[in-house]
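Chains as they are written, first to last, in this note's numbering: chain A, -7 to 309; chain B, -7 to 309; chain C, -7 to 309.
Be aware that a few hints might be false.
Just so you know, same-sequence chains aren't split out, so a pair can sit in one copy or run between any two.
Here are the simulated DSS-like cross-link-like pairs (lysine-lysine), alpha carbons at most 30 Å apart as the crow flies [claimed, not checked]:
| no. | residue 1 | residue 2 |
| --- | --- | --- |
| 1 | Lys81 | Lys160 |
| 2 | Lys106 | Lys68 |
| 3 | Lys106 | Lys6 |
| 4 | Lys81 | Lys197 |
| 5 | Lys81 | Lys216 |
It should be emphasised that the hints constitute simulated quantities derived from the structure, not laboratory data.
Remember, predicted model here, so these are calculated numbers, not experimental data.
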Amino acid sequence: MRYFTNVHDLGNLKDALKEAFEIKSNRFGYQELGKNKTLMMIFFNSSLRTRLSTQKAAMNLGMNVMVLDINQGAWKLETERGVIMDGDKPEHLLEAIPVMGCYCDIIGVRSFAKFENKEDDYQEKILNQFIQYSGRPVFSMEAATRHPLQSFADLITIEEYKTKEKPKVVLTWAPHPRPLPQAVANSFSEWMNATDYEFVITHPKGYELAPEFVGNAKVEYNQKKAFDGADFIYAKNWSAYTDPNYGKVINTDRSWTVDSEKMALTNNAFFMHCLPVRRNMIVSDDVIESSQSIVIPEAANREISAQVVLKRILESL
Amino acid sequence: MRYFTNVHDLGNLKDALKEAFEIKSNRFGYQELGKNKTLMMIFFNSSLRTRLSTQKAAMNLGMNVMVLDINQGAWKLETERGVIMDGDKPEHLLEAIPVMGCYCDIIGVRSFAKFENKEDDYQEKILNQFIQYSGRPVFSMEAATRHPLQSFADLITIEEYKTKEKPKVVLTWAPHPRPLPQAVANSFSEWMNATDYEFVITHPKGYELAPEFVGNAKVEYNQKKAFDGADFIYAKNWSAYTDPNYGKVINTDRSWTVDSEKMALTNNAFFMHCLPVRRNMIVSDDVIESSQSIVIPEAANREISAQVVLKRILESL
Amino acid sequence: MRYFTNVHDLGNLKDALKEAFEIKSNRFGYQELGKNKTLMMIFFNSSLRTRLSTQKAAMNLGMNVMVLDINQGAWKLETERGVIMDGDKPEHLLEAIPVMGCYCDIIGVRSFAKFENKEDDYQEKILNQFIQYSGRPVFSMEAATRHPLQSFADLITIEEYKTKEKPKVVLTWAPHPRPLPQAVANSFSEWMNATDYEFVITHPKGYELAPEFVGNAKVEYNQKKAFDGADFIYAKNWSAYTDPNYGKVINTDRSWTVDSEKMALTNNAFFMHCLPVRRNMIVSDDVIESSQSIVIPEAANREISAQVVLKRILESL
């Protein structure tokens, strides 16, 4: 595996899950692979979980790690040819990106949707520039439209906790005061659609995700109906995708908050969220503190998903 | 040892000192202990000496290190239950802290007194949250009321330089333009009280430390009397502890500056300070540059105190 | 080798080049040297290439690395004796620098010209303070007047690409909107003068470099004449050195931009630049994208020059 940007890069999911559980039981068993190999983590957006878990995964594999924090404002790379660079952009991406590739073996990139231009976001302009110009294997540490390390960790977690072969998994929108990217919701949908689970998406009108991510999922506008008989509730806020509201908050209706009354409609479902989570907006205190809440084991599996991805890329070098 | 927040966590001080000197003569002799173990250093306040010396100690032990710098302003964790988190706090500590614990084996925390609320400071609210919720061993890299890695390094230094079994050690307040926490003074007092040294504290009226830290120390308001026959002079500024002046500068009297005239009253005492030090406020140029000044070896011992603490925690894992 | 601040520290250049090529073919062959040794990299100015390449070189050698970023504004060290430090400078360099030396084995320092005082810049005040007070070997990661790791990488690159024993190398000034230090141009000149290449410097009137760096180079004010028959074109902007214009931009004439018309005057010269480069100010798109552009291999050799320097310092410990 040379690139990891979406579910398809991983190939057969059952094989990937098997590998994940092997790694989880033997985290330090593959250090020869990473010896004298360097991971460069490039952050255009701040990060807590992703930075720590990915760095930990790389160290588990015996790799060296270099972290590059690029202030969103500071990364002023010229991208066009022919421009006389006498302004505020001191470097062209055609030099900057290959140079970063010189000093490492694998590159991880985090670059969120900017909500300035939907096409730029959905074409994953920055991530793809790294793939095209760095000369190195590249993986996403959350890009404009997907967060595949999170989704892979989510899948691992569901496999660990599920009590039936094909659980019913519900992705539910929940309110949030600020406009968030669709990346986690898109990505989770993409991964769930790649399984044989029963997958339902529920959200208020106007929060429809891009059709390529919805795929064959059932969309249910009535949240309570969606929760009926669910085995896993995956809560997440996202801003509107549909024009003319792209990237906007069009609803903060707290009747969509996940609470114990709604959880009572489920099949004693586990509660999941990628974190950070705003309590009593996304989910009530009692639900996230209940024994069915698996948000911490879910976060812990971020180390595992990152380690599978790094291990596979190392094997391809 | 699972936690290190004060002198009592270390148990018998003579044993700890013996261990410190063993480590100092064989810094790289314990690398099997730290193999595949990860230290996470979390800084709510900036740091030079503590960061570098603790990271060095961890690397001596063969550990991996991850550093997390949290701007004091940026760490807006909700701490109450029931709050509708629609404001500026994006995460609740009940999620944030356990997640950090997922990706490491040991946590070091630096969190100074905020001087907003004396009770919050003296109850060590933030440090204790990490102890309670992280699921990992935790040690203080300077908390609101104590700086035990510094005090342990101070003790090691005194043991190295003392020329009699029970030296006279004097902690003297000295002026400083800004309000500083009491942590170093508190902690030094706590450690000195745990030895059989003769220990004297001297400061202007109004700068009394908390009684639980003063303990059985002799408090002498006349600085020159205090210096008489001293073997070690430990200078430090702190802001007022006593209400209603908690956290305030109530005196900048430079007659309290340690100079050579006062040092002449001592038994050719060694001069100590935790650094950074403001010259000619805390101490005159000639005293800090004299052959009796041991501030640099004292700083160097920060690596040793941190390594003893990390080694003991590693042994307990 | 205990210090590396200029070409002379490296001794015989042919030996250094031989060592560079050995290291390039066997980057991980010297890890016993760096075992349990710590590099501290101190940045007074921001860095991309230098930080990543030097850190990579240190890791190649099995070293531990600590990075210290010091905001130019935040590094307020008192440097005078006798000052009552009651202002905005919390520490004196006579404490700060030796303490840094306590926690590492080798120190790298980046500190640019400030253009406030030509004497301070050209006396390398900050770099020399580290040499004088740290108690550790020190190397420059670009100082006020020189950038020797860059120049060494440049030399390695020329040796790799040259097709004749004594190539003609031309350093050409090119326009830039902001005032840049003379360090790269000075240093490149110093290194070229230490070879037996034919070396020519070309720039507009008023951009004369300091005589000690120009040395025996031929200075040619007509850029096209200078390019005639050149084997290597090394482009770089610098601000004026000569008083009263020290540190100022006195010319932004784009007729000095390196373009294909001028390159046609050369002996099919290779194009070099230290990066970052402003396209169509310093060099046209077609020249930097041509097959004769070797800016990326030149950047990649930064890892090699740093590794030779670190290896030699390690050998001297």
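For each hint, the structure was consulted:
1. Lys81 / Lys160: Classified as neither: same-chain Cα gap 50 Å, cross-chain 32 Å, threshold 30 Å.
2. Lys106 / Lys68: both (14 Å within a copy, 24 Å between copies)
3. Lys106 / Lys6: Answer is neither: 34 Å inside a copy and 51 Å across each miss the 30 Å cutoff.
4. Lys81 / Lys197: between (41 Å within a copy, 28 Å between copies)
5. Lys81 / Lys216: The answer is between: 29 Å across copies meets 30 Å, while 51 Å in one copy does not.
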